[in-house]
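Undergrad: Spelled out, the chains give:
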Amino acid sequence: MKSFSQGLRVQVKVIKALIVRELVTRFGRDNIGFLWIVAEPLLFAGLVGFVWTFIRGVDKGGISVVAFVVTGYIPLTFLRHSFGRSAKIFQSNSALLYHRQVKILDFILVRVTIEAIGAMTAYIFAGTVLYFFGSFPIPANVGSLILGWFVYVFFVMSISTALAPLSEMSEVIEKLVPVSVYIAIPFSGVFNLAEWLTPTMREVLMWSPMASGMELMRYGVFGDLITPYYDLSKAFGVSLVLLLVGLTLCRRVRRMITVS
Amino acid sequence: MIICSDIYKEYHVGKVTKSVLCGVDFSINPRERIGLLGRNGAGKSTLIRLIGGVEMPTSGKITRKMSCSWPLGFSGGFQGSLTGYDNARFIARIYDKPYSEMRAFVEEFTELGVNLHMPVKQYSSGMRARLAFALSLAIEFECYLIDEVIMVGDKNFREKCKKHFFEGRRDRALLLASHSLPTVRQYCNRAIVLDNGVAQMYEDVNEAIAVYEAL
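So the sequence lines, in the order shown, correspond to chains X and B.
Just so it is clear: in the first sequence, position 48 is 47 by numbering that gives the first Met the number 0, and no numbers are missing.
Just so it is clear: in the second sequence, position 34 is 33 by numbering that gives the first Met the number 0, and no numbers are missing.
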């Protein structure tokens with residue numbers, strides 16, 4: 000038990016150091032730094048929301064279109080960045096493996112954590128800005144919003160844990176990673192609500208933890224303006240199975256990693 | 000003590016399988032200074048990377064009962080895009096050392112001055128060697144794994160290594176891969192010759208050197 004808590008303490012230190020290092024390498028000291036993670040999805044969501052407002056009108060059933068796009072697009076950005084950065088993550092970080100206390104799982108954990116923190120900051124920031132323009136409500140149910148994010152992040156983390164070793168094992172999978180994001184869109188509930196679907200399709204959608212997470216987030220923001228559909232046991236079950244597959248693959252791949 | 004038992008290492012590139020190590024067996028005791036000899040491509044760096052835990056053996060087991068440095072070489076252990084100071088800060092954090100001490104030691108040992116504010120990828124190999132040594136000496140390991148890097152230094156650096164490392168830390172163990180026979184003769188008390196994936200330990204360094212030269 001002592002060695003476990005000691006190991007945990009070391010890992011916490013390593014993860015902290017890696018997060019700082021990642022921020023410094025990715026954004027540089029002279030750059031606008033962490034702000035960009037926040038600004039990028041905000042910019043995109045703002046533009047898409049703006050265009051949609053022209054096409055579909057300002058709101059749909061009392062929900063502002065801009066707010067709807069922002070709540071969908073920011074989690075999608077997080078997913079896209081996390082998947083994209085998981086590809087070949089072990090090779091690109093292999094110099095760090097010179098230090099034995101750095102584990103390959105730390106790489107994934109750090110990347111996904113940074114992306115998640117960035118996306119959540121963007122979410123809060125965008126919400127606050129839009130609130131002053133009158134197109135974002137005060138979240139109706141903060142608990143549901145947080146639970147939704149948790150479901151979503153846990154799923155993205157699980158997929159990344161599997162994608163990272165797979166991209167290392169096969170060139171084809173590495174090339175397919177960007178495609179996987181587009182496959183994910185219809186199942187992610189980004190641009191649609193489950194209540195707009197037929198009951199059969201809704202049943203199928205419940206196998207997607209992204210959809211459950213998104214519905215919970217949206218319910219957290221818009222409250223009773225929408226009827227959320229989610230299935231927590233399916234969401235966590237699917238994520239957990241993927242995570243276990245990922246961890247097994249990581250263990251196998253670690254033996255094959257060559258560091259030049 | 001570090002024990003390598005029956006280490007095999009194979010690399011797969013496409014359909015080609017290359018066996019680098021085929022059953023390496025030896026151990027490093029505390030205070031022991033072992034030279035590692037072998038021709039280019041014999042597997043010296045591979046063996047050092049396995050002992051350092053950078054890569055994993057295909058089969059066999061490495062048991063570490065003393066703290067063991069990362070393999071000190073030209074590239075490993077650094078992030079090229081980060082500055083010397085940033086690398087020092089990162090290493091201080093993950094090895095749980097106060098950064099102020101680390102910084103002072105690195106400045107004193109490397110004598111790199113303003114270069115420490117530059118990305119490591121712009122360093123010459125001699126400058127990298129200085130930084131690698133400074134960082135690992137600041138951490139204080141019981142066993143140091145050195146892959147060639149000593150030999151690129153200038154006279155001043157070699158004197159420093161001698162003072163801090165070979166004289167100041169006589170109680171540390173050492174595994175030194177090198178083609179510089181005088182260095183091995185001067186600092187090592189045993190030597191391993193690596194040939195055809197098998198390691199042969201010699202208690203007498205001069206005997207090992209004779210075998211290596213006959214390869």
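Do not rely on the hints blindly, as some may be mistaken.
With a straight-line Cα cutoff of 30 Å, these simulated DSS-like cross-link-like pairs (lysine-lysine) come out [what the hints assert, rightly or not]:
#1 X:K174 / B:K14
#2 B:K120 / B:K64
#3 B:K161 / B:K120
#4 X:K12 / B:K120
#5 X:K174 / B:K17
#6 B:K64 / X:K15
#7 B:K60 / X:K87
Computed list of chain X residues with no C-beta within reach of chain B, every gap over 12 Å [stated by the list, open to error]:
#8 R8
#9 V9
#10 T24
#11 L95
#12 D230
#13 S232
Read the hints as simulated data drawn from the structure, not as lab findings.
Note that the coordinates shown come from a computational prediction; the quantities given were computed from them, not determined experimentally.
Glycine residues also receive a C-beta, built at the ideal position from the N, C-alpha and C atoms.
Undergrad: Against this structure, judge whether each hint is valid.
TA: Status of the hints after comparison with the structure:
1. X:K174 / B:K14: 21 Å, holds
2. B:K120 / B:K64: 34 Å, violated
3. B:K161 / B:K120: Status holds; Cα separation ~26 Å.
4. X:K12 / B:K120: 26 Å, holds
5. X:K174 / B:K17: 27 Å, holds
6. B:K64 / X:K15: Since the Cα atoms of B:K64 and X:K15 sit roughly 27 Å apart, the hinted pair holds (cutoff 30 Å).
7. B:K60 / X:K87: 27 Å, holds
8. R8: Not fine: 9 Å to the nearest Cβ puts X:R8 too close to chain B.
9. V9: Violated, because the least Cβ-Cβ distance between X:V9 and chain B comes to about 8 Å, which does not exceed 12 Å.
10. T24: About 5 Å separates X:T24 from the closest Cβ of chain B, which leaves it inside 12 Å; violated.
11. L95: For X:L95, whose nearest Cβ neighbour in chain B is about 7 Å away, the distance does not exceed 12 Å, so it is violated.
12. D230: The claim holds: X:D230 sits with its nearest Cβ about 40 Å from chain B, beyond 12 Å.
13. S232: 37 Å, holds
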